[in-house]
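Order-wise, the sequence lines are chains C and X.
Residues 1 to 141, numbered by the numbering used here, are exactly what the first sequence covers, in order.
Residues 142 to 310, numbered by the numbering used here, are exactly what the second sequence covers, in order.
Keep in mind that the hints were calculated from the coordinates and are not lab data.
Backbone N, C-alpha and C define an ideal beta-carbon position, used for all residues, glycine too.
Warning: the hint list may mix true and false statements.
[Said to hold, decoys possible] Partial chain C-side listing against chain X, Cβ under 10 Å, derived:
#, residue
1, D32
2, W40
3, S42
4, S54
5, C84
6, T103
7, L107
[As the list claims (entries may be wrong)] What follows is a list of derived Cβ distance ranges for each label pair:
#, chain 1, residue 1, chain 2, residue 2, range
8, C, I125, X, G200, 37 to 43 Å
9, C, I114, X, N284, 57 to 63 Å
10, C, E113, X, T215, 35 to 41 Å
11, C, D65, X, V282, 21 to 27 Å
12, X, N221, C, K96, 57 to 63 Å
13, X, G220, C, T88, 22 to 28 Å
14, C, Q132, X, Q193, 41 to 47 Å
15, C, G23, X, S295, 49 to 55 Å
16, X, A191, C, Q129, 48 to 54 Å
17, X, E218, C, E115, 33 to 39 Å
18, C, I125, X, E218, 56 to 62 Å
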Amino acid sequence: MAAINSLYIVNKSGGLIYYKDYGSAGRMDTNDTLRVASLWHSMHAISQQLSPVSGCSGIELLQADTFDLHCFQSLTGTKFFAVCEPGTQQIESLLKFIYGLYTDYVLKNPFYEIEMPIRCELFDINLTQSVQKDRVALLGQ
Amino acid sequence: MQFFGGSEISPSPPAPTASGNNGHMLYVFNRNGICLLYREWNRPLHTLNAQQDHKLMFGLLFSLKSLTAKMDPTSSEKGNLGVPQLPGQGCSFHSFRTNTYKLSFMETPSGIKIILVTHPRTGDLRESLKYIYNLYVEYVVKNPLYTPGAPIRSELFNTTLDQYVRGIA
Numbered sequence: 001m002a003a004i005n006s007l008y009i010v011n012k013s014g015g016l017i018y019y020k021d022y023g024s025a026g027r028m029d030t031n032d033t034l035r036v037a038s039l040w041h042s043m044h045a046i047s048q049q050l051s052p053v054s055g056c057s058g059i060e061l062l063q064a065d066t067f068d069l070h071c072f073q074s075l076t077g078t079k080f081f082a083v084c085e086p087g088t089q090q091i092e093s094l095l096k097f098i099y100g101l102y103t104d105y106v107l108k109n110p111f112y113e114i115e116m117p118i119r120c121e122l123f124d125i126n127l128t129q130s131v132q133k134d135r136v137a138l139l140g141q
Numbered sequence: 142m143q144f145f146g147g148s149e150i151s152p153s154p155p156a157p158t159a160s161g162n163n164g165h166m167l168y169v170f171n172r173n174g175i176c177l178l179y180r181e182w183n184r185p186l187h188t189l190n191a192q193q194d195h196k197l198m199f200g201l202l203f204s205l206k207s208l209t210a211k212m213d214p215t216s217s218e219k220g221n222l223g224v225p226q227l228p229g230q231g232c233s234f235h236s237f238r239t240n241t242y243k244l245s246f247m248e249t250p251s252g253i254k255i256i257l258v259t260h261p262r263t264g265d266l267r268e269s270l271k272y273i274y275n276l277y278v279e280y281v282v283k284n285p286l287y288t289p290g291a292p293i294r295s296e297l298f299n300t301t302l303d304q305y306v307r308g309i310a
């Protein structure tokens, strides 16, 4: 059973540019994933407004009743977030690793248009490998 | 959704999860989104006026709840995004954490929402929120002069609450 249920990548304006499902009940359709991603983008921004002290950079971990949502925001505003089982450790380092894959296989691809949906075969392959096949070894890095 | 047992205050409140004065603020909303109580202990940054702040907080919780209900990976009957959920219906959440604060949230079966904002490294505060709900029941609901839905103005409740939050967070 996969510990990670789904992965989203949202660009800096709240548009979903990548979505991958790793087995959750009741798969969402494309419209729902787009809505959920932009809703998350707004909630992330509102949480910064409500901070009691300055320097808040948005939600990092949301603990729901049946899942945990980990979010990593890169310096350029691209958000990576993953839905996983409650209590899963080291998703943060996995998200940072995925950010590395994104810079290597997506941003360095000359045919990729920035802020547009990601359609890069090598990114898909490497992502699947790192998430599903060898999770333990990856997290050991 | 668990329903809380007897309404008497448990003799020993949950053990502290951290030391020091880490509580930032506390909100109590009723099910219509009216802010019944707002307490502030340590809040250097105010971005909005009080009323706007309460509205934004309630809106954030409402939207996060519809988000978690829709994202729930364990259920296949989720309905559409944004469908109003009754308290206890659908997948809710109990806390979120940013780099500067942690927000713990509890909703009771009657739709009372209790929100406690603390230091980001505080532990699980679910038991503490239940205890605060017990305080609310004892000091506010059982007060015959209190009109349901009106903002809480009870000196005794405020002092007890201040004392308790100072002890936990």
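Do the hints match the structure? See the list:
1. D32: 6 Å, holds
2. W40: Constraint on W40 (chain C) satisfied, holds at 7 Å.
3. S42: 7 Å, holds
4. S54: 5 Å, holds
5. C84: 9 Å, holds
6. T103: With a closest approach of 22 Å, the T103 (chain C) hint is violated.
7. L107: 25 Å, violated
8. C:I125 / X:G200: 37 to 43 Å: With a Cβ separation near 41 Å, I125 (chain C) and G200 (chain X) satisfy 37 to 43 Å, so the hint holds.
9. C:I114 / X:N284: 57 to 63 Å: Because 60 Å falls inside the window, the suggested range holds.
10. C:E113 / X:T215: 35 to 41 Å: Cβ of E113 (chain C) to Cβ of T215 (chain X): about 36 Å, so the range 35 to 41 Å holds.
11. C:D65 / X:V282: 21 to 27 Å: 26 Å, holds
12. X:N221 / C:K96: 57 to 63 Å: 34 Å, violated
13. X:G220 / C:T88: 22 to 28 Å: 26 Å, holds
14. C:Q132 / X:Q193: 41 to 47 Å: Roughly 45 Å apart at Cβ, these two residues keep to the hinted range, so it holds.
15. C:G23 / X:S295: 49 to 55 Å: 50 Å, holds
16. X:A191 / C:Q129: 48 to 54 Å: This hint holds: roughly 51 Å between Cβ atoms.
17. X:E218 / C:E115: 33 to 39 Å: 35 Å, holds
18. C:I125 / X:E218: 56 to 62 Å: 34 Å, violated
Hint violations for this structure: numbers 6, 7, 12 and 18, all remaining hints satisfied.
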